[in-house]
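**Q** Line order of the protein sequences matches chains A and B. The first sequence runs 5 to 264 under the numbering used here. The second sequence runs 5 to 264 under the numbering used here.
Accuracy of the hints is not assured; some may be wrong.
Identical chains share a label here; the pair holds if one copy fits it or two copies do between them.
List time: in silico BS3-like cross-link candidates among lysine-lysine, alpha-carbon distance up to 25 angstroms [said to hold, decoys possible]:
#1 K49 / K119
#2 K119 / K255
#3 K153 / K119
#4 K71 / K255
#5 K24 / K71
#6 K237 / K161
#7 K189 / K161
#8 K24 / K49
If you're looking for bench data, these hints aren't it; they were derived computationally from the structure.
There are 2 protein chains.
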Amino acid sequence: MRITLIGSGNVATHLAAAFKNAGHYIVQVYSRSLQNAALLAYHVKAEPIDDLQNINPETDLFIIAVKDTAIGVIAEQLAQYQQLKVHTSGAVSLYTLLAFSDNVGVFYPLQTFSKTKEVDLRNVPICIEGANESITKNLEQLARTISNKVYRIDSDKRKIVHLAAVFANNFPNYLYTVAQQILAKSQLDFELIRPIIQETAQKVQQGLPAAMQTGPAIRNDETTINNHLQLLKDEPALQELYRLLSQGIIKLDNTGQGDK
Amino acid sequence: MRITLIGSGNVATHLAAAFKNAGHYIVQVYSRSLQNAALLAYHVKAEPIDDLQNINPETDLFIIAVKDTAIGVIAEQLAQYQQLKVHTSGAVSLYTLLAFSDNVGVFYPLQTFSKTKEVDLRNVPICIEGANESITKNLEQLARTISNKVYRIDSDKRKIVHLAAVFANNFPNYLYTVAQQILAKSQLDFELIRPIIQETAQKVQQGLPAAMQTGPAIRNDETTINNHLQLLKDEPALQELYRLLSQGIIKLDNTGQGDK
Numbered sequence: 005m006r007i008t009l010i011g012s013g014n015v016a017t018h019l020a021a022a023f024k025n026a027g028h029y030i031v032q033v034y035s036r037s038l039q040n041a042a043l044l045a046y047h048v049k050a051e052p053i054d055d056l057q058n059i060n061p062e063t064d065l066f067i068i069a070v071k072d073t074a075i076g077v078i079a080e081q082l083a084q085y086q087q088l089k090v091h092t093s094g095a096v097s098l099y100t101l102l103a104f105s106d107n108v109g110v111f112y113p114l115q116t117f118s119k120t121k122e123v124d125l126r127n128v129p130i131c132i133e134g135a136n137e138s139i140t141k142n143l144e145q146l147a148r149t150i151s152n153k154v155y156r157i158d159s160d161k162r163k164i165v166h167l168a169a170v171f172a173n174n175f176p177n178y179l180y181t182v183a184q185q186i187l188a189k190s191q192l193d194f195e196l197i198r199p200i201i202q203e204t205a206q207k208v209q210q211g212l213p214a215a216m217q218t219g220p221a222i223r224n225d226e227t228t229i230n231n232h233l234q235l236l237k238d239e240p241a242l243q244e245l246y247r248l249l250s251q252g253i254i255k256l257d258n259t260g261q262g263d264k
Numbered sequence: 005m006r007i008t009l010i011g012s013g014n015v016a017t018h019l020a021a022a023f024k025n026a027g028h029y030i031v032q033v034y035s036r037s038l039q040n041a042a043l044l045a046y047h048v049k050a051e052p053i054d055d056l057q058n059i060n061p062e063t064d065l066f067i068i069a070v071k072d073t074a075i076g077v078i079a080e081q082l083a084q085y086q087q088l089k090v091h092t093s094g095a096v097s098l099y100t101l102l103a104f105s106d107n108v109g110v111f112y113p114l115q116t117f118s119k120t121k122e123v124d125l126r127n128v129p130i131c132i133e134g135a136n137e138s139i140t141k142n143l144e145q146l147a148r149t150i151s152n153k154v155y156r157i158d159s160d161k162r163k164i165v166h167l168a169a170v171f172a173n174n175f176p177n178y179l180y181t182v183a184q185q186i187l188a189k190s191q192l193d194f195e196l197i198r199p200i201i202q203e204t205a206q207k208v209q210q211g212l213p214a215a216m217q218t219g220p221a222i223r224n225d226e227t228t229i230n231n232h233l234q235l236l237k238d239e240p241a242l243q244e245l246y247r248l249l250s251q252g253i254i255k256l257d258n259t260g261q262g263d264k
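Make the full structure from the sequences, and use the hints.
**A** See below:
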């Protein structure tokens with residue numbers, strides 16, 4: 005397939021590389037910054053452009069991988085092209101594209117990407133939505149060339165998936181930062197807790213997390229909870245967070261006792 | 005070393021297996037339930053007992069791996085034995101043992117254990133504290149027979165480490181449950197977000213989590229945040245949690261923009 009990438013951020017970068025590796029042809033990479041476009045384009049042997057006037061119409065698919073608020077603007081600017089267009093956002097409805105064309109869909113890779121770390125897309129769930137069944141099938145086929153985990157998810161459900169991902173990814177990462185800052189304040193190394201972070205994520209790769217819950221809250225260990233709140237006495241926001249999370253854990257419909 | 009294990013829970017089970025594998029001799033395993041004692045004792049070729057009257061004094065070390073509130077009680081019951089005694093708790097001070105003997109220490113493996121999942125102790129940080137330098141050195145040496153990551157951590161700092169571990173392990177695991185429940189309510193499979201959970205934990209194995217923060221809050225994306233709060237309108241506790249965590253992320257001293 006001939007693919008044009010609109011955007012040069014993390015999602016665009018990882019998708020472009022995966023498509024290129026899967027044997028697709030990346031026609032152009034667009035970014036408002038020609039330098040950013042060129043950086044990605046160079047890696048996937050595409051032409052970099054910084055002006056949508058210079059779009060090469062000899063393409064089969066536009067992947068709009070820009071920030072959420074820019075998706076509609078870009079879709080409008082590409083309205084003259086009849087080719088399939090998809091966006092890659094978890095939070096944006098298909099309707100944002102449907103306003104300008106019928107030949108549209110969503111191609112949402114459910115992963116956290118950074119430019120500095122390679123991710124094997126084979127194991128990354130791709131959530132697909134098409135404006136009609138034929139588009140959906142096309143996108144499914146395309147997604148399967150780079151991933152083994154392709155899901156049909158409509159716009160309403162994709163928003164739920166995105167919300168769940170915030171709880172499963174963005175918020176745990178913030179709690180890692182809280183832990184790191186607590187350690188740093190006592191001149192303790194983050195290295196101490198890296199293994200437990202990894203193991204916690206590892207444990208839920210098979211079972212469900214509710215069955216794996218450990219710690220003072222699931223044991224209703226008030227002494228430890230109060231000691232921890234006391235240690236946080238200079239950090240009211242963290243105290244409140246600790247309380248709220250502990251209350252949530254205590255309320256878990258827990259039959260057995262958690263592992264220690 | 006000849007080692008006696010007081011307790012047959014997750015920590016006792018994993019330590020016993022690791023010490024046995026490292027060539028130590030497990031003398032006895034005590035549990036209030038003879039069945040539980042026998043289950044673990046069988047695996048490490050030790051004698052199971054359910055009565056502290058039957059302690060075999062031919063041992064070098066008592067490892068008290070029982071729940072926090074029972075540590076003092078056990079220490080008192082073992083007061084007649086002069087051998088080194090350690091507890092394995094992150095939250096309990098060394099003083100709880102010092103009340104009954106001078107020959108005491110702490111041997112705190114910083115990991116989340118379940119009986120159903122093997123953990124390679126080689127990569128598990130062991131936090132060591134001794135009542136004096138000679139005990140500390142002994143415990144360090146012992147810890148190094150099962151782990152490559154041995155740290156000297158005194159009681160005050162161990163409490164900080166334990167608090168950090170609650171933020172880095174117990175609370176993220178709870179957030180995984182929240183995510184799972186959000187998905188389940190819309191008949192969506194937890195499998196969808198397992199990869200992002202693993203990748204999030206994987207990313208902080210090198211760098212620091214603050215540099216890896218992604219999501220609507222770090223982008224100050226109020227539209228998405230408000231949409232998410234709206235999706236949670238029937239769950240006031242989760243709304244509050246979402247708000248608090250997002251506020252924490254927004255406040256992060258963030259110079260660059262997060263990865264998407």
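**Q** How would you classify K237 and K161 at a CA-CA limit of 25 angstroms: within, between, both, or neither?
**A** between (40 angstroms within a copy, 16 angstroms between copies)
**Q** Within, between, both or neither: how does the pair K189, K161 come out at a Cα-Cα threshold of 25 angstroms?
**A** between (41 angstroms within a copy, 10 angstroms between copies)
**Q** When Cα atoms must be at most 25 angstroms apart, do K24 and K49 count as within-copy, between-copy, both, or neither?
**A** within (9 angstroms within a copy, 57 angstroms between copies)
**Q** For K49 vs K119, is the C-alpha pair at or below 25 angstroms within one copy, between two copies, both, or neither?
**A** within (18 angstroms within a copy, 51 angstroms between copies)
**Q** With identical chains, the pair K119 and K255 could be close in the same copy or across copies; at 25 angstroms between alpha carbons, which is it: within, between, both, or neither?
**A** between (39 angstroms within a copy, 24 angstroms between copies)
**Q** First find the shortest C-alpha distance between K71 and K255 inside one copy, then the shortest across copies, and answer within, between, both or neither for a cut-off of 25 angstroms.
**A** between (37 angstroms within a copy, 21 angstroms between copies)
**Q** Taking 25 angstroms as the upper bound on the Cα-Cα distance, should K153 and K119 be classified as within, between, both, or neither?
**A** Within one copy only: 22 angstroms inside, 30 angstroms across.
**Q** Tell me, please, which holds for K24 and K71 at an alpha-carbon limit of 25 angstroms: within, between, both or neither?
**A** within (22 angstroms within a copy, 55 angstroms between copies)
Hint compliance for this structure: every hint is met.
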